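Start from the sequences and build out the full structure, keeping to the hints where you can.
Taken in order, these protein sequences are the chains called A and B.
Going by this note's numbering, the first sequence opens with residue 119, and the numbers climb by one from there.
Going by this note's numbering, the second sequence opens with residue 119, and the numbers climb by one from there.
The hints are simulated quantities; they were obtained by calculation from the structure and are not laboratory data.
On a predicted model such as this, the values are computed, not experimentally measured, just so you know.
Hints may be right or wrong, so weigh each one.
One copy or any two copies: either way a pair holds, since identical chains are not told apart in the list.
Straight line, CA to CA, 25 Å or less: simulated DMTMM-like cross-link-like pairs of lysine to aspartate or glutamate [claimed, not checked]:
(1) 132 - 180
(2) 146 - 159
(3) 179 - 287
(4) 146 - 307
For reference, the chains in residue letters:
2 protein chains.
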Amino acid sequence: MTVMGDDEGVRERKRRETRQRIVDAGLKLFGRHGYEATTLDAIAAEAGISRRTFFHYFKSKDEILISMQAGLGEQLSAALRAQPAHRPPLDAMRAALLALVAPYSPESLLAIDRLMHSSETVQARKQASYIRDEAMVFAALREHWPDEPEPQMRLLASFAIAAVRLSLDTLSREEGRRPLGTLLEESFEALEALARHR
Amino acid sequence: MTVMGDDEGVRERKRRETRQRIVDAGLKLFGRHGYEATTLDAIAAEAGISRRTFFHYFKSKDEILISMQAGLGEQLSAALRAQPAHRPPLDAMRAALLALVAPYSPESLLAIDRLMHSSETVQARKQASYIRDEAMVFAALREHWPDEPEPQMRLLASFAIAAVRLSLDTLSREEGRRPLGTLLEESFEALEALARHR
DNA sequence: GAAATTTATGCACTCAGTGCAATATATATT
DNA sequence: AATATATATTGCACTGAGTGCATAAATTTC
Chain A
119 MTVMGDDEGV RERKRRETRQ RIVDAGLKLF GRHGYEATTL DAIAAEAGIS
169 RRTFFHYFKS KDEILISMQA GLGEQLSAAL RAQPAHRPPL DAMRAALLAL
219 VAPYSPESLL AIDRLMHSSE TVQARKQASY IRDEAMVFAA LREHWPDEPE
269 PQMRLLASFA IAAVRLSLDT LSREEGRRPL GTLLEESFEA LEALARHR
Chain B
119 MTVMGDDEGV RERKRRETRQ RIVDAGLKLF GRHGYEATTL DAIAAEAGIS
169 RRTFFHYFKS KDEILISMQA GLGEQLSAAL RAQPAHRPPL DAMRAALLAL
219 VAPYSPESLL AIDRLMHSSE TVQARKQASY IRDEAMVFAA LREHWPDEPE
269 PQMRLLASFA IAAVRLSLDT LSREEGRRPL GTLLEESFEA LEALARHR
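Laid out in structure tokens, this is it:
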């Protein structure tokens with residue numbers, strides 16, 4: 119007998135839970151022994167699944183970490199679409215980024231950042247995923263501001279992702295002294311100054 | 119008896135030649151069967167060395183391709199240092215990039231670009247190497263223009279690499295219709311327009 | 001409750017990459 | 001020219017990531 123319409127079947131719930139157990143196991147072991155030294159066997163054991171099953175949830179070991187920062191593209195695109203279309207895209211981007219970033223705590227961002235730096239392949243994959251984010255943001259820009267010239271929108275998308283990347287870098291370099299929002303603002307000011315200063 | 123001071127010993131010459139044979143073998147086989155389907159055994163055989171020896175020349179399979187685009191950071195840094203220090207950095211960057219890019223033919227750039235797209239790992243490594251280039255360019259900027267604010271120089275380095283990346287993308291998308299120099303100019307104009315337009 | 005789908009697992013396999021020890025080749029020394 | 005030393009090449013055995021396939025277990029559908 120089904121008691122309440124939770125609209126999520128047992129299958130979906132279990133799948134979500136297992137996925138989470140894998141992520142937890144991965145983060146725990148990566149944190150303890152480092153990324154490279156942690157084998158998939160160990161992660162599978164810790165998560166209570168077989169090694170083979172791991173690959174039904176993630177295509178590769180690094181995906182565990184990449185999944186942590188996945189969603190930047192989608193989220194930023196969504197935040198952009200929430201902006202009024204009559205605003206200049208650069209201003210809209212600034213607002214969207216600030217809104218997006220507000221909920222994150224520096225500590226959690228720093229912790230993830232540290233793990234990302236522990237392996238070359240992870241580092242590489244992270245950059246690649248930024249490129250995907252960039253493409254997604256570009257698509258959103260084109261859709262929302264179809265009259266703006268394409269090269270400018272490509273550059274804006276690229277700048278937005280670079281701003282996030284540089285701000286996270288600086289956050290990490292400064293060990294969280296200044297909040298991410300401030301660092302993002304700094305990037306926008308740098309952009310204006312750079313273009314004006316000639 | 120040594121006949122002429124070629125200043126390159128047999129050892130160095132052989133090493134250079136072997137490295138080149140590996141690259142040639144790799145490109146040939148990647149082009150024929152694709153990146154993933156080409157094993158290191160096949161490359162080693164084609165280059166006339168043992169599989170183990172391959173790893174004395176490259177850390178990994180993807181390095182063969184990455185080595186193709188390596189040097190962007192160094193070259194751009196050098197081109198920057200050749201610019202007069204009283205010029206505004208953005209103008210200097212534009213000149214440096216245009217000078218740097220002039221000698222390359224669209225065909226060779228397109229061919230390499232196609233190979234880079236054939237594998238996810240290669241793609242990822244390529245992006246990672248862009249990040250290293252960016253860091254190198256930033257260092258050169260700071261050295262040459264120590265009085266400019268740091269965030270602006272970080273952003274400029276990031277913009278320069280993004281401009282190269284976007285221009286190569288467009289070159290590939292347009293199948294070489296417009297030369298790389300033109301596309302780079304377009305990026306610089308987009309930057310100005312983007313920052314002004316508010 | 002039976003049939004159809006989806007998920008979990010074991011097994012055998014390929015291939016990238018590493019450590020180590022032995023051999024071959026190039027350079028330096030006398 | 002012979003020898004010592006440094007560097008390059010190779011084979012071998014190993015670890016670990018990732019895939020294909022076939023089978024068993026669980027979930028959903030009817």
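Hint check results:
1. Taking the closest pair of Cα atoms, residue 132 and residue 180 come within 25 Å of each other only inside a single copy of the chain (22 Å); across copies the shortest separation is 38 Å, beyond that limit.
2. Taking identical chains as interchangeable, the C-alpha atoms of residue 146 and residue 159 lie at most 25 Å apart only when both belong to the same chain, with a minimum of 14 Å there against 37 Å between chains.
3. Only within a single protomer do residue 179 and residue 287 lie at most 25 Å apart by alpha-carbon distance; the minimum there is 24 Å, versus 29 Å between protomers.
4. With identical chains, the CA atoms of residue 146 and residue 307 are never at most 25 Å apart, being 39 Å at best within one copy and 48 Å at best between copies.
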